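Protein chains in written order, with the working numbering: chain A, 1 to 146; chain B, 147 to 652; chain C, 653 to 1304.
Calculated from the structure, these hints are not laboratory results.
Just so you know, not all the hints are guaranteed correct.
Here are the simulated BS3-like pairs of lysine-lysine, each with C-alpha atoms no more than 27 Å apart in a straight line [stated by the list, open to error]:
| id | chain 1 | residue 1 | chain 2 | residue 2 |
| --- | --- | --- | --- | --- |
| 1 | B | LYS179 | A | LYS138 |
| 2 | B | LYS617 | B | LYS255 |
| 3 | B | LYS305 | A | LYS138 |
| 4 | B | LYS180 | A | LYS73 |
| 5 | B | LYS255 | A | LYS138 |
| 6 | A | LYS73 | A | LYS138 |
| 7 | C | LYS1209 | B | LYS617 |
| 8 | B | LYS519 | B | LYS180 |
| 9 | A | LYS137 | B | LYS255 |
| 10 | B | LYS305 | B | LYS180 |
| 11 | B | LYS255 | B | LYS179 |
Here the structure is a predicted model, which is why all the values come from computation and not from measurement.
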Amino acid sequence: MRAIAAATVWADNTPGDYLPLFLLLGLAVLLGATQLIASHVLGKRGVPSPAKDSAYECGIEAETSAHTRFSVKFYLVAVLFILFDVEVVFFFPWAVFFGSGDPAGIFENRQALMQFAFAEMMVFLGILFLGWYWVVKKRALDWEEA
Amino acid sequence: MTAWNVGLALPEWILAGAGLLAMWLDARTPPDKKDGIQNVAWAGVLLATLAAVFQGVRLWDPGDSVAAGGGKIYAFRGHYGLDAFAVFLKVLFGVSTLLVLSLARSWLKRVDRGHGEFVMLTLFATLGMFFVCSVEDFAGLFVALELVTVSFYCLTAFKRNDERAVEAGLKYVVLGALASSFLVLGIAFVYGGTGSLDFAALRSDDVAQDLAHGGAPLLHFGLLLVVIGLGFKIAAVPFHVWTPDVYEGAASPVTAFLSVGSKMAGITLLLKVVRACLGPGGDAGLAQATPWILLIACISAATLLYGNLGALWQGNIKRLLGYSSIGHAGYVLMGVFAFDQRGVAAILYYLTAYLFTVLGIFAVVVVVSRQTKSHSIADYAGLARRSPLLAFVLLCGLLSLAGVPPFGGFFGKFLVFQAVVGKGTPTAYGLALVGAAGVVISLYYYLVIVKRIYMEEGVSEEPIVPSRGMKAVLYTCLAGVFILGIWPSPFLELAQRAASALSSAS
Amino acid sequence: MMHALPSYAVWIVLAPALAALLQNFCGKLLPRKGDWLVVGGMGVSLALSLMVLMEWRALDPGHYFEGSVTWFQLTGGISFSVGIVIDGLTAAMLIVVTLVSLLVFVFSMGYMKGDRHYDRFFFWLSFFSTSMLILVVADNLLLLFVGWELVGLCSYKLIGFWGQDLANAEAAKKAFITTRVGDVGMLIGILMMYKACGTLSLQGVFAQVQAGAIQGSALTWAGIALFLGAVGKSAQFPLHVWLPDAMAGPTPVSALIHAATMVAAGVYFAARMFPIFTPQALYFIAWTGGVTALLAALIAVTQTDIKKVLAYSTISQLGYMILGVGVGAPWAAMFHLCTHAMFKACLFLGSGSVIHAMHHTQELEDMGGLRKKMPVTFWTFVVSTLALAGIPLFSGFMSKDAILFEALHSGQTALFAIGLGAAFLTAFYMTRMLWLCFMGEPRNREKHDHAHESPVSMTLPLVVLALLSIGIFWGGFADDYFTTPAYHADYPQTAEVAAAYAPAGEVRAHPHHPVWFLLLASAMGLGGIALGIALFRSGKRDQDTVLLPEGLHRTAKNKYYLDDLYLGWGFVGLGDTLSRWSRVADDRAVDGAVNGVGSAGVTVAEISGDADQVIVDGAVNLVADATDAVGGVASSAQTGRIRNYLGAARRS
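Go ahead and model the full structure; you've got the sequences and the hints to work with.
Okay, structure coming up:
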């Protein structure tokens, strides 16, 4: 009745359906290994020495630990970024469902489907935009704010 | 079932609109002019509640075609359902939010920042609660519940300069996330077992057959995980551990909202899921299987005892209320144990009385702590002399929680016990006995507070004067507690109709 | 047969209720803080109770008044009502409650004069009596339970009225909680009856039980569960521990609790529910009562606080009443309840008068020789003591004998013997107290010199109550009332009880008691008094040990160590331990979980740091080393010598 489309799509899957995936995985591993081995086999090996490892050749001497504390603003921005990033993920199912042309036949015709899709995305974007507007107005993105 | 019927979600539209409007206004007003946002929120929740009431009036009109057709209307192609049960709870949620917003108004005066955020989060949490009443599938369940819970994460840590609040918020996030993961995993297993996310799928003949023959272990496992996940939300033992710390650390209005709104949301979903497991006839099916009944009885008994024993020697009133709220979850679970029309009606009545009682008590806590800057019970000594009104509200509230007539809490307990004993099984009698023991124990720690406020001399005699808005909240809660205890008839009738709507849901 | 309730009967409850409300809201504005409102309300209630009694007497046996309105309905059309039922039992109880309440209110006007919370005291006093009246007239178990709990609530507020003193507040809490233990049993009993009968209306329940809707052991258990409520409220063993502590309240409150309201509620309830008790349940009830009567009398012998002696005496007398219900004679129990209400109220108010005169000293050690200073108090005290001791011509004799005779008649000789023993002890300890308090030489000169007779508002109730303790006032009316067939018809019995005991309605009034029985019973009372006088005439105060062996005396004086059991390591200790555990568990679990997640994060971070070093670098190095080795091998193979290549080729 109102069965979710996914249920019908995946209902008859078999392990064989995953073959391309495994092929791809194997190919990736093979490629990486080949390159590593090939470079070693083919390349010349240098002899390490203190002079070679010194900072002279690769920048300046490190003065403090790499694990320093960052300003909390970095996190704020990072969190906001992730938030909006995740929100935008909604585009994918939306695009896939409406691109597939309504296989379950929920809508009467294509016209209705498109109208709904458009309205839904506009509402979504509206909320997203309001959130962004709020963030800006709250000066969460202002680096200089006290 | 297949109609969109978008207008049916009018209360939710109003709430969402109010939330977004509050956000817009918050972005555009200077920090010292946030009162307007509170008015918007108040008006929004009031409108949403009224909309729900009007829907209820239509639903309950016996001459109406809807009432004749099973009493349930669907929207969003069946993903959203509205019946008397949903409406009853929506009104409860609406009323509790109104009271919390009124409570928070005077409290917010002392908070220098974040007024807009507080209001927005409250509105979004309420929106989640409204959705909770109407969800018809597990995906909706998860989204609605997360909307509530995530809002509460932020609200808990709202006083971000207060170490305790931040600690409480962190604890709530970590343990809440754990609960949510249980819930999601459970939903995945249920999906695997039934091939659908709809609650209705659990009631389908195939599944019922499967279950009746002891099959579908994964489905059982999934439902167990779902129960655990919801158990976290309602603070049932052994998933209660976050409660005392979070109650203590969060700001008082937030704790009030948490103990009423969040808990009721969990209970609503639990009732919906258990109902879905009951099979088409409502009397056979998964939830009637002995191990499940025993499980619920055990959780209920453990919750009752743990909450009430844990509260015994608490020195902080919010922490004590946290433990006490665990105990009350146990009484509600007693109603779930007796899952029939009487049991559900008892739960609904219990929640109604609980709402007014708890919010009244928290109103007192907010007012008192503003003056004494303390939540220690010792600082309530001599309250009767500092403010007779506050002392009286606290007295009535505590006695109502203890189930002493003629307060609302008594009828809630009476109905729950009556439903349980009505089962007539040895397990039921055992559970009733444990519940009875809990009643006696609870009286002890409630009386400790009463003793302090009425009989002991306080360090200060300085009067405490609640603001006008606060007085309105106090009188409303007091009236609610008394009316529910003396004249239960109309409310009981509504609760019974709501319960019958739940059990007849197709 | 049911008759329509006389329209004025509603005001029996409403008059004191409205008076209490008015006094509560307007008391501060009224002259004398509105105490006259409360007294007036109770006066109206008393007058109406008398009227309703007269009307009821005009009815035929087994008839009663009933009137109710629907309260609320449950699914399935079961409705609960708020209603009043008035039969002989209710009518008698109404008189007791309203009369004693009225006298206590009047007494309080003098006793509480000048108290800081004079108005609040009168509100709670009035509310207390109102709750009791609700309980008495309730026509269904639910309403009865509501009244029952309200009585408990009011007792809590009144016992703890002077709660600035920590002991008083603790006593109040103890009273409320201990009785609530029994109430829980009662609630479960009510629910069991509801499940079996489908109704909670008293007449409906009785009819269903008669019809056999619930029988056998289920009925026995339901009966015992219900009776537990009475055990708590009427301070029966082992839930009696709250009553002596409840003496902490102001003395009028003690009088009210001991005579008219709280403890009477339990006996009334047991008598009310008599029709549902099976022989087994009655057996349990009878032994509870008998054991309580004896044990409490033993404790009373050892007490030195005037109010404590009276408190244990009350427990002991309540034991008699419960014993009366248990041996199938609820009318005898109610008779004793009525007579006891009068003389016990008199004794309490008398002791209040003494305490008032002695500037709030309750120790018998400090008294003595008050006879001449307080003649009215003394003589009323003597009369009521004689009544309590069960001396012929006083009211207590008639009612106590009725119970003892019924115990003998029911064939439970052991209980009869226990009853006789307790009667002897009663006479003894009352004489002891009377002597130590009023006779002999003053032991505390200073306090004695300041003592004076109390004002008329306090002595007037004493006189009225003392007069009512004299048998003549009961002889005609009450004896006839409690033993008439009309009254017995209020107690339909289960078939088993009817078979085990005498059938209801059989008149066994006290003129029918054989002469030897009367002689034996009076000998007990007179013997106790004689022994008391013989021992205490010399003025020595520790003569009570002569009567009891040393070990028993110590045990009784320590109240059989029950308080220590409950408070020390019993229920409270257990609860304490459990709650501590649960707290520790919570702290560990929550903090553990959160810290666990935190430290897990750190650990993961450290591991991943290590992993960066060990695993990733290691892997890289490994690959490098491996390639190095492979390369070494390979390059060593790459010798550049053609013959090796060839050799390799040849080998392959």
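Hint check:
Pair hint B/LYS179 plus A/LYS138 holds up; C-alpha atoms about 15 Å apart against a cutoff of 27 Å. Of the pairs offered as hints, the one joining B/LYS617 and B/LYS255 holds, with about 16 Å between alpha carbons and a cut-off of 27 Å not exceeded. Straight-line distance between C-alpha atoms of B/LYS305 and A/LYS138 comes to about 18 Å, which keeps the hinted pair within the 27 Å bound. Proposed proximity of B/LYS180 and A/LYS73 is supported: the alpha carbons are some 25 Å apart, at most 27 Å.
The suggested pairing of B/LYS255 with A/LYS138 holds, with an alpha-carbon distance near 20 Å, which does not exceed 27 Å. With a C-alpha separation of about 13 Å, the suggested pairing of A/LYS73 with A/LYS138 holds against the 27 Å cut-off. Annotation: proposed proximity of C/LYS1209 to B/LYS617 is violated, straight-line Cα distance about 52 Å (limit 27 Å). Pair hint B/LYS519 plus B/LYS180 holds up; C-alpha atoms about 25 Å apart against a cutoff of 27 Å.
Among the hinted pairs, A/LYS137 with B/LYS255 is consistent with the structure: their alpha-carbon atoms are about 23 Å apart, no more than 27 Å. A C-alpha spacing of about 17 Å is found between B/LYS305 and B/LYS180, which places the hinted pair at or below 27 Å, so the restraint holds. Between B/LYS255 and B/LYS179 the alpha-carbon distance is near 11 Å, which keeps this suggested pair within the 27 Å criterion.
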